[in-house]
Structures are given as structure tokens and as C-alpha cells.
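Chemist: Just so you know, the protein sequences line up as chains A and B, in that order. Residue 86 in this note's numbering is what sits at position 86 of the first sequence, and the numbering runs on without skipping anything. Residue 1009 in this note's numbering is what sits at position 9 of the second sequence, and the numbering runs on without skipping anything.
Any given hint could turn out to be false.
Using 20 Å as the maximum straight-line C-alpha spacing, the simulated EDC-like pairs for lysine to aspartate or glutamate come out as follows [said to hold, decoys possible]:
1) K1056/B / E82/A
2) K57/A / E75/A
3) K1054/B / D1024/B
4) K13/A / E52/A
5) K1054/B / E75/A
6) K1054/B / D1084/B
DEER-style ranges, computed between Cβ atoms [said to hold, decoys possible]:
7) T20/A / D1059/B: 35 to 43 Å
8) P61/A / Q1002/B: 25 to 33 Å
9) T20/A / T1045/B: 45 to 53 Å
10) F60/A / H1072/B: 38 to 46 Å
11) K1056/B / G3/A: 40 to 48 Å
12) R15/A / G1060/B: 45 to 53 Å
13) G1060/B / K13/A: 23 to 31 Å
14) T53/A / T1026/B: 40 to 48 Å
15) H1072/B / R73/A: 35 to 43 Å
These are calculated hints, taken from the structure and not from any lab test. Glycine included, each C-beta is placed from N, C-alpha and C at the ideal position.
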Amino acid sequence: KAGVTQTPRYLIKTRGQQVTLSCSPISGHRSVSWYQQTPGQGLQFLFEYFSETQRNKGNFPGRFSGRQFSNSRSEMNVSTLELGDSALYLCASSTVSGAQETQYFGPGTRLLVL
Amino acid sequence: DQQVKQNSPSLSVQEGRISILNCDYTNSMFDYFLWYKKYPAEGPTFLISISSIKDKNEDGRFTVFLNKSAKHLSLHIVPSQPGDSAVYFCAASALSGTYKYIFGTGTRLKVLA
């Protein structure tokens, strides 16, 4: 079974631009979560989607948004990029939401904002 | 407010010895805990998990211990191997309320040959 895939793997943007990141979960997984990883901060939860609905949201500004499609693929959008948005963005999938379910991570998209 | 804390940013261990990574949490509602390993330029890889109804779970060289009264969990790796060198994250989740994983800031383990 193919793992979680994320595209693109690397991205360079400038302040004020917007960016869209894509995540394809493991086949059969319906829950997709997004995390931001920065040095010293660990993985910060952004949001979780399940069956095309946002189930949970972390403490990030409204510039960070996402959506999920009927095939469970998910996209994350960041508008009006700031230097501090430079990070590794990780996507994780699991079969269900709200259960003791292990999340499986993709390789991440490394975003650099100049 | 860091609900999951890994107070040791780094740890060095000799090959063949035991590695012990620690994690503390503050939210008593957490009832499921996981450990992930992360290599550079890769996403975290699931290692082992434990439910709050248990106090120990073992998988090969990896054992996780949970002390609910102390709100503490630890990951033991025996014997440690150079390939275990990576950043280890602990994570916690709660079934009730808002379901999401809270991650610690990670501990970088270096296993010396």
C-alpha cells in the first residue's frame, strides 16, 4: 500500500504570496491532519479533515486554511505569507477520526519564505 | 502552554546500551500516547503506542512505559543501535472533546558506535 504523499516537497515563496500544499492519504484513510514543524517547537497541529469536513482546528491564524476532497485528498493554503511561516508542513492520515488510531505521516513539504 | 513536554533536547548513548527517552504531560484527559521517530528530510515514522488502560507496551527492542499518576511516559530502546539515531517525538491524544494529537518538542538521540 502506498504511503502518504505530499507535493511539492520543497517550495520557495516571498512574503505576501500565497501557497497551496497537497496531500494524498493512504488508500482507505479518511482522516487527514496537517502539522507545522519548526525548530524548537515540535509539531504544531493545524487542522484535521474527515469526510470533507474540518473536525478540529489548532491555534493558527485564519491565513491558514484547508479543504478535503471526496477522494480524501487534502490541500492546505496559506495566504499572505510571512517569514515566520517558513517550516516543514506535514500531513498525516488515519482511517478514522476520534479513536485511538495511529496517524501515518508523509515526508512533508519544506516551505521557505523570503 | 506546552501540554506535552520532552525536557531533554538531546541524548547520547553508547551502542548496545539502553536509551531512555522521557515525556511528561499535563492534561489528565489524554488517554492515548504514541512515539514517533524522525530522520532528517523525512516525515515522522510511527514506533509504538500505548493506551491509558495499560502501563507497558513492548514491541521488539522498543518498550513504552506509562505512569498515569505521574503523567509521565518513557520509551526504552534496548539494545541501542546506530540506526536509532534520530529525533524522537512523543504525542498524546484524548478521545473526548476535541480530538487531535499534541506533540512534544522532540529529543535528538545519538547512538555512538
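Chemist: If a hint holds in the structure, say so; if it doesn't, say that too.
Modeler: Status of the hints after comparison with the structure:
{"no.": "1", "hint": "K1056/B / E82/A", "verdict": "43 Å, violated"}
{"no.": "2", "hint": "K57/A / E75/A", "verdict": "15 Å, holds"}
{"no.": "3", "hint": "K1054/B / D1024/B", "verdict": "17 Å, holds"}
{"no.": "4", "hint": "K13/A / E52/A", "verdict": "28 Å, violated"}
{"no.": "5", "hint": "K1054/B / E75/A", "verdict": "37 Å, violated"}
{"no.": "6", "hint": "K1054/B / D1084/B", "verdict": "25 Å, violated"}
{"no.": "7", "hint": "T20/A / D1059/B: 35 to 43 Å", "verdict": "38 Å, holds"}
{"no.": "8", "hint": "P61/A / Q1002/B: 25 to 33 Å", "verdict": "20 Å, violated"}
{"no.": "9", "hint": "T20/A / T1045/B: 45 to 53 Å", "verdict": "26 Å, violated"}
{"no.": "10", "hint": "F60/A / H1072/B: 38 to 46 Å", "verdict": "29 Å, violated"}
{"no.": "11", "hint": "K1056/B / G3/A: 40 to 48 Å", "verdict": "29 Å, violated"}
{"no.": "12", "hint": "R15/A / G1060/B: 45 to 53 Å", "verdict": "47 Å, holds"}
{"no.": "13", "hint": "G1060/B / K13/A: 23 to 31 Å", "verdict": "42 Å, violated"}
{"no.": "14", "hint": "T53/A / T1026/B: 40 to 48 Å", "verdict": "29 Å, violated"}
{"no.": "15", "hint": "H1072/B / R73/A: 35 to 43 Å", "verdict": "38 Å, holds"}
Violated hints, in rising order: 1, 4, 5, 6, 8, 9, 10, 11, 13, 14; the structure is consistent with all others.
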